[in-house]
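**Q** Work the whole structure out from these sequences, hints included.
Sequence order for the protein chains is A and B.
For the first sequence, counting from 1, position 122 maps to 700 in this note's numbering; every step adds exactly one.
For the second sequence, counting from 1, position 23 maps to 4 in this note's numbering; every step adds exactly one.
In short, the hints are calculated from the structure, not lab data.
Worth double-checking, as some hints may not be accurate.
Just the calculated beta-carbon pair ranges, DEER-fashion [unchecked claim]:
| hint | chain 1 | residue 1 | chain 2 | residue 2 | range |
| --- | --- | --- | --- | --- | --- |
| 1 | B | 71 | A | 711 | 55 to 61 Å |
| 2 | B | 241 | A | 828 | 43 to 49 Å |
| 3 | A | 779 | B | 164 | 32 to 38 Å |
| 4 | A | 819 | B | 251 | 40 to 46 Å |
| 5 | A | 779 | B | 209 | 45 to 51 Å |
Keeping only pairs whose Cα atoms sit at most 30 Å apart, straight-line, the calculated DSBU-like set for lysine-lysine is [unchecked claim]:
| hint | chain 1 | residue 1 | chain 2 | residue 2 |
| --- | --- | --- | --- | --- |
| 6 | A | 595 | A | 624 |
| 7 | B | 14 | A | 624 |
| 8 | A | 595 | B | 240 |
| 9 | A | 624 | B | 23 |
| 10 | A | 635 | B | 240 |
| 11 | B | 23 | A | 595 |
| 12 | A | 608 | A | 589 |
| 13 | B | 284 | B | 270 |
| 14 | B | 77 | A | 635 |
| 15 | A | 635 | B | 78 |
| 16 | B | 15 | A | 589 |
| 17 | B | 15 | B | 190 |
| 18 | A | 635 | B | 23 |
| 19 | B | 23 | B | 102 |
| 20 | A | 624 | B | 284 |
| 21 | A | 643 | B | 15 |
| 22 | B | 77 | B | 14 |
| 23 | B | 78 | B | 190 |
| 24 | B | 230 | A | 589 |
| 25 | B | 230 | B | 14 |
| 26 | B | 102 | A | 624 |
| 27 | A | 610 | A | 586 |
| 28 | A | 635 | B | 190 |
| 29 | B | 270 | A | 624 |
| 30 | A | 624 | B | 15 |
| 31 | A | 643 | A | 610 |
| 32 | B | 240 | B | 42 |
| 33 | A | 624 | B | 240 |
| 34 | A | 595 | B | 78 |
A virtual CB, placed ideally from N, CA and C, is assigned to each residue, including glycine.
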Amino acid sequence: MTRLNIQKTYKIFIGGKFPRTESGRFYDLKNKEGKLIANLCLSSRKDFRNAVVAARKAQAGWAGKTAYNRSQILYRLAEMLESRSTAFVEEMQVLGLSKAQAEAETTGAIDTLVYYAGWCDKYTALFSSVNPTASAHFNFTVHEPTGVVALLAPETSPLRGLIQTVAPIIAGGNTVVALASNQMATSAISFAEVIQNSDVPGGVINILTGDSAELTPHMASHMDVNALVIARDGLSEEALDAVTDNVKRLVQWTEEEDSNPYRILDLQEAKTTWHPVQVSAASSGGY
Amino acid sequence: MEATDLIAQYREHPVDQMGVLDRIARIRSRSIKKGSKVQGLKMALNMIDLTTLEGADTPNKVRNLCYKAMHPHDAADGLPSVAAVCVYPSLAAVAKKALEGSGVKVAAVATYFPSGQTNLKVKLDETNYAISEGADEIDMVISRGKFLAGEYTYVLDEIMAVNALCKEHSVRLKVILETGELGSLDEVRKASDIALLANPDFIKTSTGKIGQAANMPVTLVMLQAIWDHYQRTGVQVGMKPAGGISDAKTALHYLRMVKEVLGEEWLSNEWFRFGASRLANDLLMQLMKQETGAYQAAPYFSKD
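**A** Spelled out as C-alpha cells, the structure:
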C-alpha cells in the first residue's frame, strides 16, 4: 500500500496559539513552476485585531522582564532554530531557493538572533545619558519600549527578513504583530513553531499571513498600535493619513540585512527624569 | 401568603444541560449586522449597573463613577447614560447627591453582602439604612448556606421580608443567587424558582466577589425560570447577570438571548441589567470603532 504524505496545515500565530483565520479565507502559495505548495491563511482585520489584543496583554510582562532574561530568551530562539535548521533549509528549497541560498537564509537568521540577544542588556547603557543641568539635580534620559508594534516584514526573504525586523523590536521590550512575506510565508509559520518552544511568552510575537494592501490601513488606523514598521515597499496615501491622524510612530527599514542597535532605538521612547542631588545640609551632616 | 404556603407551589424543573449548552452555542454563532450592532451597543450601555464594591471605596471614587455613569464618554455624541450606580449602603448618599436629576438610579447592596451570613433582623436593618441613605434599588443576597442545607422556606421567607420592606418604600429589589456557590444548573433553577415565588423585581446571578460569576448557561436557565414564572402568574421579573461580562460581543450575545427567551418587553433597563464595571469601556470602544472606523485603545477612555 502506498503511503499518503501528511501535509502541514499552515495556520497563523496569535497569543502563543495557532488559530485559523477567523474569516475562513485562504490563498494559494505557488513555487516558480506554478505548482501549489500550500494553502495559507488570508488574514482579516479581525485576526489583526485579535493579535493586537494578545500583543497588548503580553507587553507589560515582556517589558518587565529583566534585560538579561530577554537576552536569554532570544538566544534560546537561536538555539531552537539551529537545531531545526535542516528542516528550514528543505522547506525553503520547496519555495524555489537553491540549497546555498536556503542555508545562507537560515544561518543568517540564527546569527541575527544571537546578535540582538547580545544587545538586549547593552543598548540602554549605550543610548541613555546623564544630561547637564544648571541646578543641583541629576538629569537622566533613559529608554522605554514604545509598546505594541505592527510590522510589515520584508517580502523577498522567507526567514532572515522576518527575524532581522522582529528581533530588534522585541529586544527592546516591545511586542509585535508581524505580517509575514506573502509569497514565502511557510518559513514564517514554521518559525512560529520555534517561537512556541522557546520560552517566548505567548503574545510577544504574533505572525499573520495575508495581503498587505488589505491589512495596512487597519495597522495604520488602530489606536492601540503604538508604532508601524515597514520593511517593504511603500505605504498608501490612505494609510499614511491614518498614521498621521493618530500620531503613531512610523518607521521605514530596508528589506536588506542591516543589523545595528539603532533599530532597537527606533522603537524606544526617551524618558527624562530629574533627581535632586543629595545635599549634606539637608541631612544635617549625617555623612 | 406565608412562605410555607408559597413553597408548596414549588415544582421541580430539571435542566437539560446539553440542551442549554447547545442553544448557547447557536446564539453565539450568529452574526450581527452593523446597524443593529450600534443599536445593541447603546442599549447594553444603557443597561449597565456601574459597580464599585470595595473596602477601599471613597466618596471621591464614587463621585467619579457617578460622573462616568452620566457621561460615559464626552468625546462621543448621542450616548445614553448607564442605568444605575451600584455601591455599598454607606456610600449611597454620596451617589444620590452626585446623580441628582440625572435619572441614573442608585443601587445599594444590602443584607450582609456578599456572604449573607447573619440574621434577618440585621439584614432588614441594613436594608432600612440603605433606603434611608437614598437607594432607589436594593441588591440583596440569599442565604446560600441555608439553601444548600435544604431550608428553602427560610430562604424564601427572608426574600419576602426584604421585598415587603422595599415595596413599602417603592424601592426595587434585586435578589442575588450567587450561582457560583450553588454547584449545578439544577440548583440554579431551583434557587431561581424559589426567589421568583416572592415576586422580586429582578433576580441576579452573582456578587462578583467569588471566582465564578455570570455566564451564559446560568443566565439562560434563570431567564427560562423567569419566563415560566411569567406564564404561570403574569408577573414580570427582570434579570441581571453580574460579574465576568467584560466585552461588548458577549454583551450582545446576552441581549440576543434575552430577546429569544423573554422577548422585546424585557429589552430595556427596567427589566434587564448588566452588573459590570469593565464592560462600559469595551462598549464605548466598540461604539467609537463603529463611528470612526478605527479600532480603539484603552488609554483614550476614562478608567472609572
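**Q** None of the hints should be skipped; say for each whether it holds.
**A** How the hints compare with the structure:
1. The hint said 55 to 61 Å for the Cβ distance between residue 71(B) and residue 711(A), and at roughly 49 Å that hint is violated.
2. With their beta carbons about 47 Å apart, residue 241(B) and residue 828(A) fall inside the hinted range of 43 to 49 Å.
3. For the pair residue 779(A) and residue 164(B), the beta carbons lie near 35 Å from each other, so the given range of 32 to 38 Å is met.
4. Between residue 819(A) and residue 251(B) the CB atoms are about 45 Å apart, so this pair conforms to the stated range of 40 to 46 Å.
5. Restraint check, residue 779(A) to residue 209(B): a C-beta distance of roughly 48 Å satisfies the suggested window 45 to 51 Å.
6. Restraint check for residue 595(A) and residue 624(A): satisfied, since their Cα atoms lie roughly 16 Å apart, inside the 30 Å limit.
7. Of the supplied pair hints, the one linking residue 14(B) and residue 624(A) holds, its CA atoms being roughly 15 Å apart against a limit of 30 Å.
8. Restraint check: the Cα-Cα separation between residue 595(A) and residue 240(B) comes to about 35 Å, which exceeds 30 Å; the hinted pair is violated.
9. Distance restraint check for residue 624(A) and residue 23(B): the Cα-Cα separation of roughly 22 Å lies within the 30 Å cut-off, and the hinted pair is therefore satisfied.
10. Taking the CA atoms of residue 635(A) and residue 240(B), the gap is near 33 Å; set against the 30 Å cutoff, the hint is violated.
11. Between the alpha carbons of residue 23(B) and residue 595(A) the distance comes to roughly 33 Å, so the proposed pair goes past 30 Å and is violated.
12. With a C-alpha separation of about 17 Å, the suggested pairing of residue 608(A) with residue 589(A) holds against the 30 Å cut-off.
13. For a cut-off of 30 Å, the pair hint linking residue 284(B) to residue 270(B) stands: about 18 Å separates their Cα positions.
14. For a cut-off of 30 Å, the pair hint linking residue 77(B) to residue 635(A) is broken: about 37 Å separates their Cα positions.
15. At roughly 38 Å between alpha-carbon atoms, residue 635(A) and residue 78(B) are farther apart than 30 Å, so this suggested pair is violated.
16. The hinted pair formed by residue 15(B) and residue 589(A) meets the criterion: a straight-line CA distance of about 28 Å does not exceed 30 Å.
17. This hinted pair does not check out: residue 15(B) and residue 190(B) have alpha carbons roughly 35 Å apart, beyond 30 Å.
18. The straight-line distance between the Cα atoms of residue 635(A) and residue 23(B) is roughly 26 Å, inside the 30 Å bound, and the hint therefore holds.
19. At most 30 Å may separate the alpha-carbon atoms for a hinted pair to count; residue 23(B) and residue 102(B) exceed this at roughly 41 Å.
20. This hinted pair checks out: residue 624(A) and residue 284(B) have alpha carbons roughly 25 Å apart, not beyond 30 Å.
21. For the hint linking residue 643(A) to residue 15(B), the alpha-carbon distance of about 41 Å lies beyond 30 Å, and the restraint is violated.
22. At most 30 Å may separate the alpha-carbon atoms for a hinted pair to count; residue 77(B) and residue 14(B) exceed this at roughly 38 Å.
23. Note on residue 78(B) and residue 190(B): the hinted pairing holds, with a Cα-Cα distance of about 27 Å set against a maximum of 30 Å.
24. Of the pairs offered as hints, the one joining residue 230(B) and residue 589(A) holds, with about 24 Å between alpha carbons and a cut-off of 30 Å not exceeded.
25. With a C-alpha separation of about 12 Å, the suggested pair residue 230(B) and residue 14(B) falls inside the 30 Å cut-off, and the hint holds.
26. Proximity of residue 102(B) to residue 624(A) is assessed by CA-CA distance (about 54 Å); at most 30 Å being required, the pair is judged violated.
27. As the CA atoms of residue 610(A) and residue 586(A) are separated by approximately 20 Å, the hinted pair is consistent with the 30 Å bound.
28. For a cut-off of 30 Å, the pair hint linking residue 635(A) to residue 190(B) stands: about 24 Å separates their Cα positions.
29. This hinted pair checks out: residue 270(B) and residue 624(A) have alpha carbons roughly 12 Å apart, not beyond 30 Å.
30. At roughly 15 Å between alpha-carbon atoms, residue 624(A) and residue 15(B) fall within 30 Å of each other, so this suggested pair holds.
31. This hinted pair does not check out: residue 643(A) and residue 610(A) have alpha carbons roughly 44 Å apart, beyond 30 Å.
32. Of the supplied pair hints, the one linking residue 240(B) and residue 42(B) is violated, its CA atoms being roughly 35 Å apart against a limit of 30 Å.
33. The straight-line distance between the Cα atoms of residue 624(A) and residue 240(B) is roughly 27 Å, inside the 30 Å bound, and the hint therefore holds.
34. Of the supplied pair hints, the one linking residue 595(A) and residue 78(B) is violated, its CA atoms being roughly 49 Å apart against a limit of 30 Å.
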